[in-house]
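Hey, can you work out the whole structure from these sequences and the hints?
As a plain string of letters, each chain reads:
2 protein chains.
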Amino acid sequence: MDDFVLTPWESRGRIDYNRLVETFGLRPLDGSMKMRLREAAGQDHYMVRRGVFFAHRDLDAILESHRSGDGFFVYTGRGPSGQTHIGHLVPWVFARWLQERFGVRVYFQLTDDEKFYHSHALTLEETARLAEENARDFAALGFDPLKTHIIRDTVDMGVLYPLAARVAKKITFSTARSAFGFGNDTNIGMIFYTAIQSAPCLLEERPVLIPLGVDQDPHFRLTRDVAPLLGHPKPALIHNVMAPGLGGPDSKMSAADPNSAIYTTDEPAAIRRKVNRCAFSGGRADIDEHRRLGGDTAVDVSYQYLRLFFEPDDGILEGIREGYESGRMLTGELKQALIERVTQFMEAHHARREAVDLDEFWFDHDEYKGRMRR
Amino acid sequence: MDDFVLTPWESRGRIDYNRLVETFGLRPLDGSMKMRLREAAGQDHYMVRRGVFFAHRDLDAILESHRSGDGFFVYTGRGPSGQTHIGHLVPWVFARWLQERFGVRVYFQLTDDEKFYHSHALTLEETARLAEENARDFAALGFDPLKTHIIRDTVDMGVLYPLAARVAKKITFSTARSAFGFGNDTNIGMIFYTAIQSAPCLLEERPVLIPLGVDQDPHFRLTRDVAPLLGHPKPALIHNVMAPGLGGPDSKMSAADPNSAIYTTDEPAAIRRKVNRCAFSGGRADIDEHRRLGGDTAVDVSYQYLRLFFEPDDGILEGIREGYESGRMLTGELKQALIERVTQFMEAHHARREAVDLDEFWFDHDEYKGRMRR
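In the order they appear, the protein sequences are chains A and B.
Read in order, the letters of the first sequence correspond to residues 1 to 374 in the numbering used here.
Read in order, the letters of the second sequence correspond to residues 1001 to 1374 in the numbering used here.
If you're looking for bench data, these hints aren't it; they were derived computationally from the structure.
Take these hints with a grain of salt, some might be off.
Said to hold, decoys possible - Simulated crosslink set (SDA-like; lysine to any residue; CA at most 20 Å straight-line): (1) A:369 x B:1154; (2) B:1170 x A:170; (3) B:1170 x A:177; (4) B:1170 x A:360; (5) B:1170 x A:124; (6) A:170 x B:1067; (7) B:1369 x A:154; (8) B:1170 x A:65; (9) B:1170 x A:126; (10) A:369 x B:1158; (11) A:369 x B:1365; (12) B:1147 x B:1356; (13) A:170 x B:1124; (14) A:170 x B:1121; (15) B:1234 x B:1365; (16) A:369 x B:1120; (17) B:1170 x A:154; (18) A:369 x B:1159; (19) A:369 x B:1125; (20) B:1369 x A:155; (21) A:34 x A:65; (22) A:170 x B:1154; (23) A:170 x B:1184; (24) B:1369 x A:128; (25) A:170 x B:1125; (26) B:1170 x A:34; (27) A:170 x B:1120.
To be verified - So, partial list: chain A residues that the calculated Cβ filter (under 7 Å) puts toward chain B: (28) 157; (29) 162; (30) 165; (31) 168; (32) 173; (33) 185; (34) 192; (35) 350.
Positions of the beta carbon are idealized from the N, C-alpha and C atoms, including for glycine.
Structure below.
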């Protein structure tokens, strides 16, 4: 048995991504697939190069649809259970790149209903408030407002529900239970919810590509079974690894523990404090030993955050890796490098976040219906 | 064990209403309750006098809320699986009377999603089409368009869903399964659906009274458990008997068998044919025996339709009963009396049905939100 658990609502233990590829039945994002993506995009993306995106389903069909001129659209999302942390940004930044490189429409779903169903403590008013906070972070990444539509489940169910209903009719309780581990005490909102997460896949007739944390894969396994029954192509997926919590490679970012993650709302002082005090280090017991043996970048959270997100330049990243592993660079210096990158990113992000006009991004039902009728 | 089955989706055997009162835990609509209703309304209604409405839950609380000036609103509905038959009209006609007597707002829910989930054969397009047909029959009964709002689930989910979500979070799979007999092969739309049928109860802060066929009671038993958890009063119910099918007291009106019911779309020739050929008779084997022993009004469908719906005048109905039971009136004459009443009703109904402007009745989200904010 695996010694880790990963579901849309739970993550325990250190994730073995090779094992995930096998047990989930994913396709590894191998060299030839990466090359095809780079050729189609006319550029590569550092998250693909570095294996942050490590697996896919039917990415080849998406590239073929692009090549043939039929095109595709992109859908990603977020369950608003707290402020946005840097782990959430990974698939969004990638979606932004897909929009820029392929000129595609992007739908972003805020599942305020899911988080309400899941958490005893959260009210719909609170998840709606958090949804707006998360939307602000998403839009601030530089999406084209004319081609980007932010969906809030409790606001936009008028459009989603007829699509969700078609999916729901094809999913039995047995199937949902085995995909998600539901019990008899699961509430009926949660049981239905997977149909709502499937619905955006049916918003357009053309194929959809979904960049997502691999924990969300079970939802779309069901959607992929159902979509062909509804005359739609199977949604294609591209999976990213789960960014570790500040506590180290076995820890998770958690809305319940502010010290487990760096949030997009954190001020420079908080960023400095969190990295210096909380970021798990791959350094040795003392400086002498560190100089002699070098640090372990595989477990060092500061290095991993640079690799996952904050240092797109391979040359600079490689310099840091080499310096740290050789013992020339100390943990304090590595942390300082991360603090600088994060602070720089967040200052620019805060400014963009404040300047965002969300009215340009909310899903507009009339615009959508007009577009679909054409 | 009972030798009949009655659920929102199935009805088998002859219903024992006394047993239903006991097993469902209903309050019988007894003489003192009928008197209180009559006093509050300033008039009585023949369906109440005759026991067509035979049970209730918390009708006394509704009358008290009316007396105190807090008022109430009315909610009823229809699952659009076929054209409207006369059995459907029973709670609607009563809702119309409540509106007239108490000046109340009425919400009418067309559950096009439920029927889609329930039936392999029905598409959402077809249930939406039938919903519009049913809406036309409802509106034609003379409701005040300013105080009457027709809800279509797949159109109006934008307003209903946040209310349904609050209900759904409080209902586990176990609870839904025991209320409705769900199995592992039940689709997840059907499992969630009861929350949607509950949602209109939460549309206003004041108490709601729901006239309904007794088969729908299980939905609202759940709603009544949940409403107080959401700060709402328990929905009050007033239950009508199930009108028998043309085939006799043990038969049901069924959309699948056009000869089982009289539909509001039937032309005079069809009405005549159905009553003459298909209406189960309480008459004897031959005329001599009938003259000697008299007919049995308890099983005669023509008599029951007059009692349930088509002959509001107690004096006339009593004359018919006495004539038929004494053997003076023959089955052919009783059928002729029903045919005349039904034809007369339908001619007027068809004219009103054609004249209805549904745009005056569709649930207007902006009007609703404006009203709720006040």
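*Which of the numbered hints above does this structure break?*
2, 4, 6, 8, 15, 16, 26, 35
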